[in-house]
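Colleague: Below are the chains, spelled out letter by letter.
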Amino acid sequence: MVERLREEHEPKLAALALLEAGRLSERGRQRLLRHVARCEPCREALAGLRRFETLAGEARAADLPAIDWARIERAALGAARSETRRRRALRWLPALAAAALLAFGVQAWVARRRPEPIAQPRARPAAPAPLAVQVTALVGTVHLRWPDGRREPLSLDSRPQPGSTIEAEPGAEAHLSVADTARVLVLGDAALQLNQLARDAVELGLVRGSAVSKVQPLGSRRYELSAAGYRVAVRGTHFEVRSHGSAIEVRVDEGHVHVLDVAGKQVADLIAPIGWTSTVGQVGSAPGEPARAEARPLRTARRASAASDALFSIPALPAVAAWHIDGDRLNAAGELRMRVPPGVLELGAELPDGRIVRLEIAIDALGTRFDPAWLRLPHERSVNGRRGPAGELDLAAASAVIRGAQPSLQRCYERSLRTTDLSGSVKLKLRLTIDAAGKIRSSELAAASPLPPGLVACVRDATRRLQFPPPGGSGITFEAPLSFRTR
Amino acid sequence: MADLDPLIAAAQRGEPRALRGLFERYRNDVLRIAFRVIGPSPDLEDVAQEAFVQIIRSLPSYRGNAKFSTWLFRVVTNVARMHVRRERSRPRLAGAPEGLLEARPDPGQQPDEEAARNARLRALYRHLDALSEKKRTVLVLHDLAGVAAAEVAQIVEAPVLTVRTRLFYARKELYAALASDPELTDLLAWLQAQDGEERGKGGTGTTGAAGGGGG
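Those protein sequences? They're chains A and B, same order as listed.
Taking our numbering as reference, the numbering of the first sequence is continuous, increasing by one, and the terminal residue is 487.
Taking our numbering as reference, the numbering of the second sequence is continuous, increasing by one, and the terminal residue is 215.
Hints in this document: simulated from the structure, not taken from any laboratory.
The hints are all genuine.
From the derived model, a few chain B residues whose C-beta atoms are all more than 10 angstroms from chain A:
1) L4
2) A9
3) R63
4) K67
5) S132
6) Q154
7) V156
8) P159
9) L161
When the alpha-carbon atoms are kept at most 27 angstroms apart in a straight line, the in silico DSSO-like pairs for lysine-lysine are as follows:
10) A:K439 - A:K427
11) B:K172 - B:K134
12) A:K12 - B:K134
13) A:K429 - A:K439
14) B:K67 - B:K134
15) B:K172 - A:K12
Glycine is no exception: its CB is placed at the ideal position from the N, C-alpha and C atoms.
Just need the whole structure built from these sequences, with the hints factored in.
Modeller: Structure representation (structure tokens):
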């Protein structure tokens, strides 16, 4: 019965409102109460109505906030003055329009009296233009070296030509779109030469570092990436090539690639998923079993966007390890620049502990610069233990402060190497609490493995005197990832 | 065209003294409507200013076909609606892990009355923001600002019947959302406890059949 009532019955909101207002006769009230007792939707509606009446009553009774009427009056009267001036100017509009029409007529008459230009011989058809390479996203510092040796910062508006080299600094990455053929991601500390960009063949040369390619089904076209004396030829695939001096490493996520040596002899035939190195051969496979690539997913490069799309940029944020944009994972170590079409952009901020904060950002035709304040960081309690109004930290400026302290932090790490077995690289999190004036109130270190006490004490000393932009409020607590490695 | 109030007619001609008089006469109405539509927001002052600038610019288009206050409310409502629309398109945190959201009242501490009332007000506007713009506008003007349905119809430029229909569906959606919000259970429990104490002291009764606010 109750189920039937839930499915078929529409609560009578007006009757419930009268009941609440005490405006029903005693008989009507009793009848409605009996109905409500066995009608679940009605009980829910009544509960919602009561909650609304309570909240709305408070909202109606809330005092109007005190505001600066003098400022508003000045603005309103200023608007009135400019409106009056505009209306006065509009009175002259018909005369101005007539004058403009007259001037246009005279110009047209003069133009018609000019002699016909002498016909020029037709130019010879030009050689086919190379495929356009579009820079779709940039993180950190990336340079473009032209064939004549000139070197300039790579920008979203750069149009690399055949013979150019894309040079990404450590921590940087460049996302390229080669016509409709391929998307290429040049990862930090890498150089990729664009050897040939023709309709029937794309040839790239990896001078150093790593490049990921996502290649569309090719048909008769050729797509080759050469590195360390090997050529990796592709038939519609998604693969990564790393160059280690005289050796290369290939990981194929989708599709099929051949690896050829300098003489053009095939040395490996790789079908995804597979990993292969020129020194060891197939990686991660037992003889006779299908080869498997590493579980780590390949990172794809950004899809091409129209040159007229809006510019979107994010400053380097120490609290974010990587950005996820429409399924692409981008490095967060440097400033990110890219073009995005107007609409809603889904952005994920991956924190050092792996959590992802998701944001939806409306992009209009003018573009958007990411405001770090959109990512609220944990608030700090004020001294008396009650939560005060939180401060807001300019994360880009905070990042610059921490970068400034990087040399002394690196010295702490190198000093601890002398006394402990720390080797390779160490990643840790620095948790800083700063007061309203931007001074350090406390600092804590966290790492996946135990840290030598000397390193902890040294890092604390090195950060004790840092001065951050004043966040105001009751101060703020934030985390900055630190990474140390042997020089 | 009806005869215009001399103050409004003078303001339409751009006379500064009349504009000041108009500002003095209607500023609280403008603020009240803007406050009811956008809710507790640090942008209220900006919205009120934008509304006045818009009123001054549109003043020559007022022909006296409707009450001046109705025309004024229409302008203010439109400015406030534009603000709400812009706020909706701003980035919001979705699925943020604990600690990254705005400060919340500490459950371990007794919130004072002001903080609790603000929290309830924010909760109400959070649910209002989930309604469509048309339903939200009608409900806020009618149920919170106390504007009659016929005047709401003139403000939103829709037939009265349409206003009543929007109001019905807005209330239905809102009541369902409020009834099933567990956060409100805590917020209102505190209020009911306060009421209980008051009643215990003063001995006043309340109307209503079923007890408790939790759905």
